[in-house]
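Number of protein chains: 2
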Amino acid sequence: MIGEKKIQKLIQENSTKIVLIVMDGVGDTTDSSGMTALEQAKTPNLDRLASESETGLTIPVDRGITPGSGPAHLSLFGYDPFKHEIGRGVLEALGIGISLGPNDLAARANFATRSKKGIITDRRAGRIPTEENKRLVKKLNDRINSIDGVTVKVYPGKEHRFVVVFSGEGLSDNLADADPQQTGKKEKFVDALDEESQRAANITSGFIKNVQEVLRDEEKANSCLLRGLAKIPGIIKMDELFGLKTCALASYPMYKGLSRLVGMDIADGLETLDDELKELKKRYDDYDFFYFHVKKTDSYGEDGNREGKVKTIQEFDSMLGEVTALNPDVLCITADHSSPTDMKAHSWHPNPILIKGPYMRKTPGQKFTEKSCLSGSLGTFMAGDVMQLLLSQAGRLKKFGA
Amino acid sequence: MIGEKKIQKLIQENSTKIVLIVMDGVGDTTDSSGMTALEQAKTPNLDRLASESETGLTIPVDRGITPGSGPAHLSLFGYDPFKHEIGRGVLEALGIGISLGPNDLAARANFATRSKKGIITDRRAGRIPTEENKRLVKKLNDRINSIDGVTVKVYPGKEHRFVVVFSGEGLSDNLADADPQQTGKKEKFVDALDEESQRAANITSGFIKNVQEVLRDEEKANSCLLRGLAKIPGIIKMDELFGLKTCALASYPMYKGLSRLVGMDIADGLETLDDELKELKKRYDDYDFFYFHVKKTDSYGEDGNREGKVKTIQEFDSMLGEVTALNPDVLCITADHSSPTDMKAHSWHPNPILIKGPYMRKTPGQKFTEKSCLSGSLGTFMAGDVMQLLLSQAGRLKKFGA
Numbered sequence: 001m002i003g004e005k006k007i008q009k010l011i012q013e014n015s016t017k018i019v020l021i022v023m024d025g026v027g028d029t030t031d032s033s034g035m036t037a038l039e040q041a042k043t044p045n046l047d048r049l050a051s052e053s054e055t056g057l058t059i060p061v062d063r064g065i066t067p068g069s070g071p072a073h074l075s076l077f078g079y080d081p082f083k084h085e086i087g088r089g090v091l092e093a094l095g096i097g098i099s100l101g102p103n104d105l106a107a108r109a110n111f112a113t114r115s116k117k118g119i120i121t122d123r124r125a126g127r128i129p130t131e132e133n134k135r136l137v138k139k140l141n142d143r144i145n146s147i148d149g150v151t152v153k154v155y156p157g158k159e160h161r162f163v164v165v166f167s168g169e170g171l172s173d174n175l176a177d178a179d180p181q182q183t184g185k186k187e188k189f190v191d192a193l194d195e196e197s198q199r200a201a202n203i204t205s206g207f208i209k210n211v212q213e214v215l216r217d218e219e220k221a222n223s224c225l226l227r228g229l230a231k232i233p234g235i236i237k238m239d240e241l242f243g244l245k246t247c248a249l250a251s252y253p254m255y256k257g258l259s260r261l262v263g264m265d266i267a268d269g270l271e272t273l274d275d276e277l278k279e280l281k282k283r284y285d286d287y288d289f290f291y292f293h294v295k296k297t298d299s300y301g302e303d304g305n306r307e308g309k310v311k312t313i314q315e316f317d318s319m320l321g322e323v324t325a326l327n328p329d330v331l332c333i334t335a336d337h338s339s340p341t342d343m344k345a346h347s348w349h350p351n352p353i354l355i356k357g358p359y360m361r362k363t364p365g366q367k368f369t370e371k372s373c374l375s376g377s378l379g380t381f382m383a384g385d386v387m388q389l390l391l392s393q394a395g396r397l398k399k400f401g402a
Numbered sequence: 001m002i003g004e005k006k007i008q009k010l011i012q013e014n015s016t017k018i019v020l021i022v023m024d025g026v027g028d029t030t031d032s033s034g035m036t037a038l039e040q041a042k043t044p045n046l047d048r049l050a051s052e053s054e055t056g057l058t059i060p061v062d063r064g065i066t067p068g069s070g071p072a073h074l075s076l077f078g079y080d081p082f083k084h085e086i087g088r089g090v091l092e093a094l095g096i097g098i099s100l101g102p103n104d105l106a107a108r109a110n111f112a113t114r115s116k117k118g119i120i121t122d123r124r125a126g127r128i129p130t131e132e133n134k135r136l137v138k139k140l141n142d143r144i145n146s147i148d149g150v151t152v153k154v155y156p157g158k159e160h161r162f163v164v165v166f167s168g169e170g171l172s173d174n175l176a177d178a179d180p181q182q183t184g185k186k187e188k189f190v191d192a193l194d195e196e197s198q199r200a201a202n203i204t205s206g207f208i209k210n211v212q213e214v215l216r217d218e219e220k221a222n223s224c225l226l227r228g229l230a231k232i233p234g235i236i237k238m239d240e241l242f243g244l245k246t247c248a249l250a251s252y253p254m255y256k257g258l259s260r261l262v263g264m265d266i267a268d269g270l271e272t273l274d275d276e277l278k279e280l281k282k283r284y285d286d287y288d289f290f291y292f293h294v295k296k297t298d299s300y301g302e303d304g305n306r307e308g309k310v311k312t313i314q315e316f317d318s319m320l321g322e323v324t325a326l327n328p329d330v331l332c333i334t335a336d337h338s339s340p341t342d343m344k345a346h347s348w349h350p351n352p353i354l355i356k357g358p359y360m361r362k363t364p365g366q367k368f369t370e371k372s373c374l375s376g377s378l379g380t381f382m383a384g385d386v387m388q389l390l391l392s393q394a395g396r397l398k399k400f401g402a
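Going line by line, the protein sequences match chains A and B. Read left to right, the first sequence gives residues 1 to 402 (the numbering used here). Read left to right, the second sequence gives residues 1 to 402 (the numbering used here).
Treat the hints with care, as some may be off.
Dumping the calculated DSSO-like pairs for lysine-lysine here, alpha-carbon to alpha-carbon at most 30 Å [claimed, not checked]:
hint: 1; chain 1: A; residue 1: 6; chain 2: B; residue 2: 185
hint: 2; chain 1: A; residue 1: 398; chain 2: B; residue 2: 344
hint: 3; chain 1: B; residue 1: 231; chain 2: A; residue 2: 237
hint: 4; chain 1: A; residue 1: 282; chain 2: A; residue 2: 311
If you are wondering where the hints come from, they were derived from the structure by calculation, not from laboratory data.
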């Protein structure tokens with residue numbers, strides 16, 4: 001990755017189209033069968049495409065480092081994930097579909113139980129049911145609208161979790177968590193870590209006091225903790241960085257939110273892979289770059305459901321022909337990170353990748369599996385370099401130097 | 001690449017010899033035959049050598065980034081090409097065989113057509129023939145010798161292109177192009193981008209006015225544009241950096257110029273591969289490091305002539321025995337970048353490399369092709385690291401730390 005300033009100087013216009021398909025968490029480890037999910041799945045279409053493509057493996061953010069969805073996607077989109085860290089509060093907000101602007105400060109919050117002496121006796125308020133959470137959030141929204149001119153809005157999550165968004169001018173986010181970390185400790189308010197963030201610290205601490213006032217008669221959820229207070233990072237948009245008109249086809253809020261962060265247009269209302277495919281066809285003429293997200297490979301990975309994961313891969317394989325029929329100039333299929341079913345979690349294992357473009361070193365017989373991609377002509381490389389390869393295949397990068 | 005300061009500390013003397021052969025642009029993509037040029041060529045000698053060597057692939061400057069000859073060669077010579085950018089004017093001058101010193105400021109220039117009101121009506125003066133260019137350049141050299149104590153010399157290029165070299169003390173090169181970019185726009189003079197460069201801006205702008213005066217009666221070429229104004233970058237010489245007495249064997253001016261930039265001695269008057277080979281033998285005892293350039297693999301690549309490229313590879317193969325007969329301690333054969341015949345241009349695809357030295361992990365059966373080198377013991381790595389490997393094989397690098 002040569003970096004944003006250098007790549008901008010090399011960008012040249014073209015009318016070519018790039019389709020980047022992210023099979024979330026598709027990579028796996030070999031389980032007791034001795035195979036990965038991609039090896040178990042019957043994927044005649046993926047295999048044919050792989051044999052007509054360049055293949056390889058990508059390291060999500062660094063060797064042995066397991067990435068969250070945020071950094072893993074930023075890498076794939078051509079950004080340095082260590083340079084653009086996305087705060088937890090922001091990710092939580094994106095994850096439940098909240099759209100954040102540059103004046104919004106978001107926080108993850110827990111309902112918590114507080115003793116009269118200000119000791120936090122339960123950091124999760126007894127893991128209250130989600131229905132109870134919704135009732136409490138409504139109560140807060142009815143009673144707390146603004147603090148010192150800053151608009152406050154609360155959104156329910158699952159069980160004891162919720163999200164708060166503070167909207168107003170001049171809120172800096174260099175803030176410590178308001179969380180004693182252990183039960184039985186004195187409650188905490190938000191501390192500013194620099195002078196500029198003092199006003200935000202006062203307002204967010206004021207929010208905690210308002211919550212205690214509004215919920216003073218609740219048995220369990222009579223206070224709250226605030227963590228990961230953050231604003232959206234100032235990321236240069238993909239159209240400005242790469243000269244691409246970009247569109248995201250994704251069904252889950254988190255991925256739509258991440259795409260919005262880098263300036264993609266978002267196709268709303270998509271629920272299934274079929275919806276995404278229809279939208280891809282419908283919008284095909286209007287964009288240079290499509291990000292197409294396949295979520296369920298990751299969901300089944302995190303559930304430890306190998307059968308479900310294999311089935312999802314096969315489902316995707318059966319619709320692949322409709323993507324290739326569009327004949328994009330550059331087609332890339334890869335993952336953001338692995339989600340091995342044995343681990344029931346994200347992992348650091350490299351992602352298989354295939355890139356089909358006009359200028360390739362093909363290796364006949366390649367398949368879209370971890371093992372086969374290991375001997376592909378792209379080798380093993382950093383996911384942050386993927387965009388450079390796609391742009392070059394698309395004739396959208398000038399020569400560096402003469 | 002550990003960088004110039006760190007590598008200098010590790011250098012140790014030795015009497016070993018290194019020969020670096022650059023088969024310019026030799027790497028290719030698989031064309032309709034399913035093969036690359038190296039796979040099509042019959043190369044018994046290269047193949048035998050590869051099976052006795054370590055092999056791998058190198059990335060010229062970064063994944064997916066297509067380099068010009070300048071940055072690609074700097075990488076191979078062990079320099080960071082992003083740190084030492086070579087200005088366009090300098091490369092253009094090197095390309096037509098002009099030798100530049102530290103007081104020289106070079107510019108690419110176009111003859112252009114200017115209206116009486118100072119509008120550029122043709123940025124290429126109707127692409128005048130090269131013969132006409134020579135006549136105009138002579139006229140300029142006859143009439144413009146110096147400006148404000150700075151010597152000015154003009155050199156013809158092809159069609160409307162020429163090169164100007166300004167020679168004098170204190171010329172800084174932080175200068176904007178004097179080029180309106182579009183026809184129908186007002187002419188531009190050279191602007192200084194910092195205070196230090198003001199004098200150079202005045203002199204180079206003065207040159208444009210002198211040109212307009214001298215050529216005022218010409219029908220088409222009555223003015224000029226200046227672009228890529230630059231001095232040679234202050235690059236530490238290879239002997240100082242690596243402790244090597246170095247010699248370049250190349251026939252084309254650009255490569256001789258690049259070699260001169262890094263302090264190599266230049267063998268002049270070479271025209272063919274045979275000339276280069278004879279000179280290598282003649283000078284073999286006098287140097288530690290030879291850079292041996294094979295140009296035609298690139299020329300045929302850029303022409304889209306696969307047959308010519310294959311033939312050149314075979315020609316080189318047939319003379320390889322005379323190089324290996326010299327029995328250099330370390331022999332490396334690689335490329336600066338790929339020039340696929342399907343692309344008729346430089347590309348970003350990795351370069352095959354073989355290194356034969358005293359201490360190897362050999363892989364029997366290796367060939368000097370893109371595919372075979374993919375499974376070689378060197379793996380795929382940055383071209384900027386090649387010199388580190390050559391120096392180590394040559395016993396010219398100490399252990400780092402204890």
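Verification of the hints:
no., hint, in the structure
1, A/6 <-> B/185, "holds (29 Å)"
2, A/398 <-> B/344, "holds (14 Å)"
3, B/231 <-> A/237, "violated (35 Å)"
4, A/282 <-> A/311, "holds (27 Å)"
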